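Mind docking chain B on chain A? Use the hints.
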Amino acid sequence: MPLLLRRAVALVVTLLVVSFLTFCLTSLLPGDPAVQILGPEAATEENVAAVREELRLDDPLLTRYVHWLGDAVTGDLGRSYRTNQPVGEAIAERLPVTLEIGLLALVIALAVAIPLGTLSAFQAGGLLDRVITSTTFGVLAVPSFMMAILLILVFAETLQWLPATGWTRLTEDPVENLRGALLPALSLAMGELAVYTRLLRSDMITTLQQDSITMARAKGLPTRRILFRHALRPSSFSLMTVVGVQIGTIVGGAVIVETLFAVPGVGRLLVDSISQRDLMMVQGVALVIAASVVVVNFTVDLLYSLLDPRIRHGRAATA
Amino acid sequence: MGLRRTRRPRLAARMLWALVAAGLVAAGCGGGGDDDADAAEPTGARTEKSEQGDPVYGGSITVGLEAETNSWLPGEANFANSGITVALAIYDPLMRRDADGVVRPYLAESMEPNDDLTEWTLTLRPGVTFHDGTPLDAQALKTIFDDYLKAPGSNLAADLEDVEEMVIVDDLTVTYRLARPNSAFPDSLTLAAGYPFSPTAAAAAGEDAGAHPVGTGPFVFESWERDSQLVVKKNPNYWQEGLPYLDEIVFRPIPDEDTRVSSLTSGDIDVLQTLRQATVSRVRELDGVDSYEQLGNNTGVNIFNTTAPPLDDIRVRQALALAIDREDVIEVLGGTGLVPPSSQPFGQDDPYFSEAVDEAWQDADPETARELLEEYVNDPNRSDGKAPGEPVSFRYDCPPDPTLNELSQLYQAFWQAIGAEVELRQVEQATHVSEAMAGDYQAKCFRMGVDRDPYPNLKSAFTEGSAANFTRFTHPDVDAALEELAASTDIDERKQLVEEIMLTVNEHYPVTYSGSTLAAVAVREHVKNLDGWTFPDGTPGSGVPGATVMWGHVWTTE
Chain A
1 MPLLLRRAVA LVVTLLVVSF LTFCLTSLLP GDPAVQILGP EAATEENVAA
51 VREELRLDDP LLTRYVHWLG DAVTGDLGRS YRTNQPVGEA IAERLPVTLE
101 IGLLALVIAL AVAIPLGTLS AFQAGGLLDR VITSTTFGVL AVPSFMMAIL
151 LILVFAETLQ WLPATGWTRL TEDPVENLRG ALLPALSLAM GELAVYTRLL
201 RSDMITTLQQ DSITMARAKG LPTRRILFRH ALRPSSFSLM TVVGVQIGTI
251 VGGAVIVETL FAVPGVGRLL VDSISQRDLM MVQGVALVIA ASVVVVNFTV
301 DLLYSLLDPR IRHGRAATA
Chain B
320 MGLRRTRRPR LAARMLWALV AAGLVAAGCG GGGDDDADAA EPTGARTEKS
370 EQGDPVYGGS ITVGLEAETN SWLPGEANFA NSGITVALAI YDPLMRRDAD
420 GVVRPYLAES MEPNDDLTEW TLTLRPGVTF HDGTPLDAQA LKTIFDDYLK
470 APGSNLAADL EDVEEMVIVD DLTVTYRLAR PNSAFPDSLT LAAGYPFSPT
520 AAAAAGEDAG AHPVGTGPFV FESWERDSQL VVKKNPNYWQ EGLPYLDEIV
570 FRPIPDEDTR VSSLTSGDID VLQTLRQATV SRVRELDGVD SYEQLGNNTG
620 VNIFNTTAPP LDDIRVRQAL ALAIDREDVI EVLGGTGLVP PSSQPFGQDD
670 PYFSEAVDEA WQDADPETAR ELLEEYVNDP NRSDGKAPGE PVSFRYDCPP
720 DPTLNELSQL YQAFWQAIGA EVELRQVEQA THVSEAMAGD YQAKCFRMGV
770 DRDPYPNLKS AFTEGSAANF TRFTHPDVDA ALEELAASTD IDERKQLVEE
820 IMLTVNEHYP VTYSGSTLAA VAVREHVKNL DGWTFPDGTP GSGVPGATVM
870 WGHVWTTE
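If you're matching them up, the sequences are chains A and B in order. According to this note's numbering, the first sequence is numbered sequentially starting from 1. According to this note's numbering, the second sequence is numbered sequentially starting from 320.
For reference, chain B alone in the conformation it holds in the complex:
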């Protein structure tokens, strides 16, 4: 007898801390020390594309992905960027961000809150059906919500914790009832929790539902061979008139960066996605290749355990932060000339990026750092219990990876230069994450950020009792600002609050930053319109965030 389980939970994709191994070294892989000509150019996203021309119908393209995804069933699936991009072919997101970062209805027709933001009413478009013919109506949404997303073991259950129930209003309308006000709630429906799948098909497939996705999207799932290829075909009954353009898309996970680029140049694949800075700069140079870049909300960080001596003392954390020179770190990560230094989880192009936070973040000041550390070392009541005068010592963990080894050694050098003793330790990914969650560490390398509303992420990263509060940092000001953030729909006020939160967090140094991460989709020139997607009402969309693509709008001239 096997394990009798209906569905099982999976690593939640949506968290402030990006945990996938590939993500951890996203900025990695050699290539540091670009020549001066490159360094002189401004850093950040560039998009270079050929003449797009008019849409063409038909054709098949092959897409090279960074990684395979464990399952395609929301609640069970662990959607990293490479998974989201496939999901966007099969499913339609209920909500999606537009070019200005505002969350709007995509598959949904409308989404309206009540006055105190505790009830969100979603209306569906009439006449939309899943690929198996099941109508997308209020009952379908409720079944998905009750039986899958909120079911015990769903990896979205924690994310939807505040949603107490879903109530059917009429055939096409449901209301999400929340336990507390949350202005960011529609954002939850931009990712897996907002990918409606056919409840009849999922029920029929039972335990194998994750291998047989049935959505409403522009393409119909055809076949999947794990680690080899997933094929989707044009949805002839797509609810958006005139879409999609392509007849077929083949998605192929090719984990090795070099061979993925080789496959693009040799023509085995037409499209590749990457989060590696070295690959981003390589594909920029390729002839006959268009590259669509976006500076995402993803940055390399160090996390400090604010409850573990000596890092529980702010003087030590601040000293370590001041000892770092972010430009040197970016060079080791291969991002010189590509990405700017970061000071917050938001990239420069994000609406929540704050200049004030950026200016407030100081680094590369070893003098002050040494003084701060000495002050701690000579403190008779120092938190690590050592005798005054004894040097500060701690352990720094990072997963085994050539780039991360270099990174660790660089940090070690920064910190030894101000008089700290640093022991480097290589920890395999799964252990690394478990230790971070358990608070069983002193300092670790990590990545931070995700393309969604700041509220749920900042909440899980910096509040009491959250399993994802790796640094154990909490602050009454942060709690208060988070509460206001949840209750506000005004974008300017929300930006202000996020800025306040980040200023408070950064003043206490639970994390230090390195550089932002560029995500890129590179295509052979015959593939067009990767970033030109629009909402059904014509509002321009958010392009290719995190190298994810709205495939229904893409065409090929070959």
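Next up, chain A with everything else stripped away, as it sits in the complex:
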């Protein structure tokens, strides 16, 4: 339990720090939110003053923060300045979309990277390895927005297998939902799978040189069994760490892809809100992103101990 407790405290502290910093940063942005809301024609001095009063923009920063925090603790993240939609509702609508695309990208990336990385390491220096290496470097060099445009050109415009844009809720029509999610997920996955393949390859090469593997070979175990049963697990630590970090950055990576594919995700919401000085929305989204990053990293830490008995037992012994 101490581990969980420590983590819970860390989570709360992180969220406080993040939300306070976001508050400070958004206050430092030039451009008065009240003026943004009113627009030039309506932004007379009285109108601006009235809106600032309504939004409490004239209160000291700390007062506003404490006020916001008080609401947030009760689950009320306020309403958007721009759309008047409750911030919590907006995030609840969009987060699943971003998560689905991000997770689908992750699954695709891992499903391709694990066999590729393993094969590459097994025949390190061989023809297959060189082909895989140069291909992954090539893919790595293509930014996600470029990949997105290429994918649209091939799969939507030329082959017309998948829609270029459009989003159907999972609950409405799972097949259409998957069709809509595939291209955005693929364009995110391409860059990631290249990184994963490279990582797994180098770790796997080290593992394959260890005595335990030589031992397994000597015992006459089949290659497939050695690679996926004995070598993969100890080789996947770096991969696991990077996957954890990547999950945290799903929202960041989603911004461009969500805009290109016109997908209603949280990344697009964040960018629009920042540019329109929708501080309430920015604040809420930043909080949720921070929370998910912390939770994911915590989960990754737990997974380490599953992967590596030494961590598990080491902790158990000191507890």
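Keep in mind that the hints were calculated from the coordinates and are not lab data. All of these numbers come straight from a predicted model, not from anything done at the bench. Accuracy of the hints is not assured; some may be wrong.
[What the hints assert, rightly or not] Quick list of the computed label-pair ranges, beta carbon to beta carbon:
1. ARG169/A x GLN667/B: 57 to 63 Å
2. SER379/B x GLU53/A: 44 to 50 Å
3. THR14/A x GLY586/B: 44 to 50 Å
4. ASP173/A x GLU367/B: 57 to 63 Å
5. ALA50/A x VAL375/B: 50 to 56 Å
6. PRO555/B x ASP301/A: 55 to 61 Å
7. VAL295/A x LYS461/B: 30 to 36 Å
8. ALA732/B x ALA50/A: 43 to 49 Å
9. LEU4/A x ASP466/B: 50 to 56 Å
10. THR440/B x ALA50/A: 28 to 34 Å
11. PRO721/B x PRO115/A: 36 to 42 Å
12. ASN724/B x THR14/A: 35 to 41 Å
13. THR440/B x GLU46/A: 41 to 47 Å
14. ALA50/A x PRO721/B: 34 to 40 Å
Cβ coordinates follow ideal geometry from the N, Cα and C atoms, glycine included.
Below, chain B without anything else, positioned relative to chain A:
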């Protein structure tokens, strides 16, 4: 506890300065340097459409929009063109422009002024109801006016500032009482202030009214997922017999220009709207696609702060204007062969476009420009307080965008060539607008113009005390002409006055111009009659101004 607010104001869509980021680079995005064959063709709007045939009932179409809209409640909503086109499915405008640019009653039955143009009496058609069954009567109009449009915080309140009150005359008649004569008043009702919405539905929805629009329009709002799609269904009780033709329309905001075009070619969407010149020329080339273009009242401009040295001196502003070659600017913006150079906020097809203003505007004369600038530089009493002989220097701001970066560099080159020192600065959109309003800048890139009567726009752009007078330019002649303009209903006299205003403004160089903007609606061939809408009495309408469509008149053959 959250913020307790009933409704909140939004960026007014109707202003001379178009402020939306998309609008700012409307003419943008690569594609410059079209080949000579294209350049030889006349610039301006073209409409290429397939055989239209007879109307067909039924079917569903999907429309790709440039942007999402924040809300659908007039007073709260910030209706850019992409928002207006959706609103026109759900709401009916009380007034609308006809093919000749004359404002006529559409949902309203009639609109009559008193003799001195201070009272406008609007009569509604009998028997029209909102989608929720609430009757559209005088009381409904008054509730909307008092409780929403004129309420504190409404973004239409400033626009309706001159309307002192609305008086109910009888069950179907109201009178707008104005503080001063305004011949252009009916024009105010062609946009959001003239989209009646059900007051009962809005009251019931409270803070969420912006997400549940209920109008009288040809289509009934069905559902809205922000940034994804908005669905409307045929209004079976529509007041116009025989309309609409379609059963359903799905509106989808697709902000990226390339993927919006891809979605059209792959068949994900049937219709797209665009204000980007590069997209306009791309969709012209597509097979199986009809394109409806209109040259709107929207032009790229530079604004000069006429109170900030050295730009407070007319010699400097004129020198900078003369240094510019508009054709080069249009090339950078991707509009070569598509759009003509501009000299006023009105496009060539607009009734208020003036040949005289166009001829009077001079540019591409670096010799004269250099002389003017030198005269200022050597003036011992020069306004920037520098010693005679020191070069003029100022800052030019533009939002970060690849096309706008190129644009800024081009202007910098023009002005450096005549001896000015120009510092380029990238300013994010929100800051850009705030600085323009506060007069905290020297020179900025901007866009100018909107499809409505010139009076309210010219008034807000060039009169004392207006928050939208970014250039701080005022002139007694302009004030006088504006007053006359407000008091005149004669179209020829009004054109004359607008011409005088523009001549005076341009003589003082608070702004310089680049090129007009083409707006286009591109449709797959099975979608018909985008621009063929008429008024209930059969008068032909204004087509697809700013790529906005009267959806009730559109049909599909698929």
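Practice task
Could you see if the CB distance from PRO721/B to PRO115/A stays within 36 to 42 Å?
Solution key: Holds - the Cβ-Cβ distance for PRO721/B and PRO115/A, about 40 Å, lies within 36 to 42 Å.
Practice task
Could you see if the CB distance from THR440/B to GLU46/A stays within 41 to 47 Å?
Solution key: Given range 41 to 47 Å: violated, Cβ gap about 31 Å.
Practice task
For the range 43 to 49 Å, tell me whether the beta carbons of ALA732/B and ALA50/A fit it or not.
Solution key: Between ALA732/B and ALA50/A, where Cβ atoms are some 45 Å apart, the hint holds.
Practice task
Could you tell me whether the CB distance from VAL295/A to LYS461/B stays inside 30 to 36 Å?
Solution key: violated (53 Å)
Problem - Distance restraint hint 28 to 34 Å, applied to the beta-carbon atoms of THR440/B and ALA50/A - result: Distance hint for THR440/B, ALA50/A holds at roughly 32 Å.
Problem - Verdict for ASP173/A, GLU367/B (Cβ pair) under range 57 to 63 Å - result: With a Cβ separation near 36 Å, ASP173/A and GLU367/B fall outside 57 to 63 Å, so the hint is violated.
Exercise for the section: Given the hint of 50 to 56 Å, check if LEU4/A and ASP466/B actually sit that far apart at their C-beta atoms. Expected result: Distance hint for LEU4/A, ASP466/B holds at roughly 53 Å.
Exercise for the section: Return holds or violated for the Cβ distance of SER379/B and GLU53/A against the range 44 to 50 Å. Expected result: Once the Cβ atoms are compared, 46 Å apart, the range 44 to 50 Å for GLU53/A and SER379/B holds.
Handout entry: Verdict for PRO555/B, ASP301/A (Cβ pair) under range 55 to 61 Å
Key = holds (59 Å)
Practice task
Starting from the range 50 to 56 Å, see whether the pair ALA50/A and VAL375/B falls in it by beta-carbon distance.
Solution key: Given range 50 to 56 Å: holds, Cβ gap about 51 Å.
Exercise for the section: Given the hint of 57 to 63 Å, check if ARG169/A and GLN667/B actually sit that far apart at their C-beta atoms. Expected result: violated (46 Å)
Practice task
Hint says 35 to 41 Å; check whether the CB-CB distance for ASN724/B and THR14/A agrees.
Solution key: At 38 Å between Cβs, range holds.
Violated hints for the displayed structure, listed by number in ascending order: 1, 4, 7, 13.
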